[in-house]
Amino acid sequence: MQYITLDTQTDFDGWRTAARTLVLGHVRPTDITWAVQGGEADLFAPPSPSPILEVNDGTFSVSATFVDLAKSAILHRDGERFAILYRLLWRLKDNHDLMEVATDADVAQVTAMARAVHRDEHKMHAFVRFREIGREREAHYVAWFEPEHHIVELAAPFFAKRFADRPWSILTPDLCAHWHGHALSFTPGVSKSEAPGEDRLEETWRRYYASIFNPARLKVKAMQTEMPKKYWRNLPEASIIKPLIEDAERMTGAMIANAATDPHKPQKRPEAPMKRRSATDDLEALREEAAHCRACPLYKDATQTVFGEGPNNATIMLVGEQPGDKEDLAGHPFVGPAGQMLDRALAEAGVDRKKVYVTNAVKHFKFVPRGKIRLHQKPATPAIRACRQWYEREVLAIQPELIVAMGATAAQSVLGKITPIGKTRGRLIDLPDGRRALVTVHPSYLLRLPDPKAKVLEYQRFVEDLKIAAALQKKAPRAA
Amino acid sequence: MDVQRKLEILADAAKYDASCASSGTEKRDSSDGKGMGSTAPGMGICHSYAPDGRCISLLKVLLTNACNYDCLYCVNRASSNVPRARFTIDELVKLTLDFYRRNYIEGLFLSSGIIRSPDYTMEQVVSVARKLREEHHFRGYIHLKTIPEADDALIAQAGKYADRLSINIEMPEPASLQQFAPEKDVRAIRRTMGRLRLKLDEAEENRAARTKAKPQRFAPAGQSTQMIVGADSANDHTILHTSANLYGSYKLRRVYYSAFSPIPDASRALPLRAPPLLREHRLYQADWLMRFYGFDVGEIVDDSAMLPLDIDPKLAWALRHRDRFPLDVNRASREELLRVPGFGTKAVERIIATRRTTTIRLSDLARLHVPKHKALPFIILSDHRPSSNRLDAAGLIERFKPKATQLGFGF
Ligand code: SF4
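For the record, the sequence lines run as chains A and B.
Quick note on numbering: the first sequence equals residues 1 to 480 in my numbering.
Quick note on numbering: the second sequence equals residues 481 to 891 in my numbering.
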């Protein structure tokens, strides 16, 4: 039998050194007794320690998962932990993938221990309550906590990073942690009587605790799973939990029984109510009206109506299909990638972008949500028809000479019927009201072309189409 | 009025907002010795739990509960008879620091009734955060409520100081918002969400591009929203459809569902009964299925239907799709495993890792933390095969129903 005595309850390095030597020496798990100096099991150790094992030749490696897990599990309060870890290590030597087998009894037990340790660490981060000692400027903050496992050294760095600017101490029965502004230090455990009494803020905290709780939603079990009673004795708010619960049902009952009072007259408002923006001209009135349009169901899922933009006396009106994701969020037409493509093409064709009115045939974005993205959907004819009123009224307000329809949806709106782009593209068409129309592709079509060569060619064609508009703009420079 | 009394009034006024999380932000600490506070990128810390089962992680208060609006579901509406109070900016800053110093909280969640104008209110809210960050070098978590239609510059500032911004959609359907809160404009709320999303995207792109210039910080923990459930007549399909839309459109981190609960001095227009807590819970489960298990709204609940209350939505789905079961746990794909009742995402990962080296048996389920009674009828293991008539049995559903109904407790 080998008796191994570790220096402290958390002596991972000592355990590791001993365990490595023992494994290499082929010492079976059942032939070892583990103890901690001054601990209980230590009493049964033989008076003279067993001779240190000779380190045999040879090395072996274990997975990082095991080392991580062992570092945590060794902090568990279970006295058997050193032996269980050794047994697992012993088996790992011949079975490298053992740690992956979540169903193995040893793996499961060590995992559960590590989990319990981390849970306790997390609870320590949460439930330590500092009390102020001395006056505020030079105050020192002291807490009393009773951890379930040997986690003080594990949990302390968290507090050092969070409260680095003032000295503090956390006292526990096992070990005390201290911070004096530069480094953490540890001293032996103390008894609860060493801990400070009430803090002046605890009553305020209890009032907050009582007020933030909604008595109509009593769920005591849910509270206790997350905040087990064993932690309550050091929480200042715990003293009012019971009275709050007892009062809750009475209060809710009373609220339901007699709460429906007729509201009093609204209180006097401290300042004038918020002002509404007033419309300055026709286009503005139109924009405001369209913001509330419900003529088709597309308004429901979209963010906002994306109305046209540009000078209200533009010679040229560009009509796209419908707003996309970015346009929907920003509330402006052609701000996404297609918008950038359009700007570039307009500049190349020699059209002054600032003098053009840009809008869409359909004013709301149509899409289906797929997780965190929205898939663009083509608007159907009923929506195009329903939305045409806005296009028509925009035309009347602006009186453009040329209307450029980009894409099939736009062409359908501008020409009043479904029109294949290929046939009509690139030539001026007379409209019944005396204006002229020009049909071309939508810039997003160019973005979608997979073949780079075709992309260049199609883009050139698009620019050529826009040159027709440029020529017209030069002839009739109406918008100043 | 002393600060304690104000705190009581303004915490009471804030308790109907369900959001509590302090998670998902950037990593910060105060180890430079200047100021105090830290945040972790993963989980936030719940410092306490209230008897309503909810986590207390932030000092959640209103700056003032005075409000110009008269939203029927709200305890702070203009026509309500509750006592009113207003914190000064300094009082609130001091309270936050004092609580934080004692490790009571992770930070501040500040909201406000709307006074004077959206811009004025937003400006006050931002001032508290600015003071905490710039004068006191507070590194803890800050969640600010965005006031709809506040000026863009104020929103940018809010995002500079806050970890998370939120703006409540309030009601699942525009029509009910109009009915209950005629002064609130669902379009304005959505427009503001859209603006937040654009700013969040921009900050993310900047971070990804790692430009030399320090990128403008904007709410690293993203945005969230809350919907009140049970005050109007919207069904669960509508609610989940709205959520799916909000997640997709504005990249929300969370949609919180808040079961409408009776409020003191309630309006006659609203139901005065115990809040539908179990329904709220089912909605959270369904929301979870959409976000982490790849379910579509339409799969979870039919048009104009409600989620069943007696069984969870995944089990309900499995019972409607019995032809896809039983599944062989040692063979099925990850996507298939995720649809087995009782199999959580972690359990599925463990199963996939384990079966690489060994075969999974009946006795292993407990160690995989899988509830046996729920999963067994739907799975095949090397030593288990559900009797073929069991999945077809009309009585199968009975097996899963809770024995005694204790609605709203202990889930
Ligand atoms: S798409 Fe057009 S018609 Fe339909 S709601 Fe929007 S603005 Fe109105």
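No lab work stands behind these hints, which were simulated from the structure alone.
A couple of the hints might just be wrong.
To be verified - Keeping only pairs whose Cα atoms sit at most 25 Å apart, straight-line, the calculated DMTMM-like set for lysine to aspartate or glutamate is:
no., chain 1, residue 1, chain 2, residue 2
1, A, Lys326, B, Glu614
2, A, Lys221, B, Asp790
3, A, Lys372, B, Glu663
4, A, Lys326, B, Asp776
5, B, Lys826, A, Glu226
6, A, Lys372, B, Glu682
7, B, Lys507, A, Glu202
8, B, Lys611, A, Asp106
9, B, Lys826, A, Asp97
10, A, Lys372, B, Glu506
11, A, Lys372, B, Asp790
12, A, Lys372, B, Glu653
13, B, Lys731, A, Asp165
14, B, Lys640, A, Asp106
15, A, Lys300, B, Asp790
16, A, Lys161, B, Glu614
17, B, Lys826, A, Asp68
18, B, Lys826, A, Asp106
19, B, Lys574, A, Glu203
20, A, Lys326, B, Asp790
21, A, Lys161, B, Glu653
22, A, Lys300, B, Glu506
23, B, Lys507, A, Asp68
24, A, Lys300, B, Glu779
25, A, Lys300, B, Glu816
26, B, Lys507, A, Glu121
Just so we're clear, the structure is a prediction, and the values are computed from it rather than from any experiment.
Numbers of unmet hints, in rising order: Structure breaks hints 1, 3, 7, 8, 11, 13, 14, 15, 20, 21, 22 and 25.
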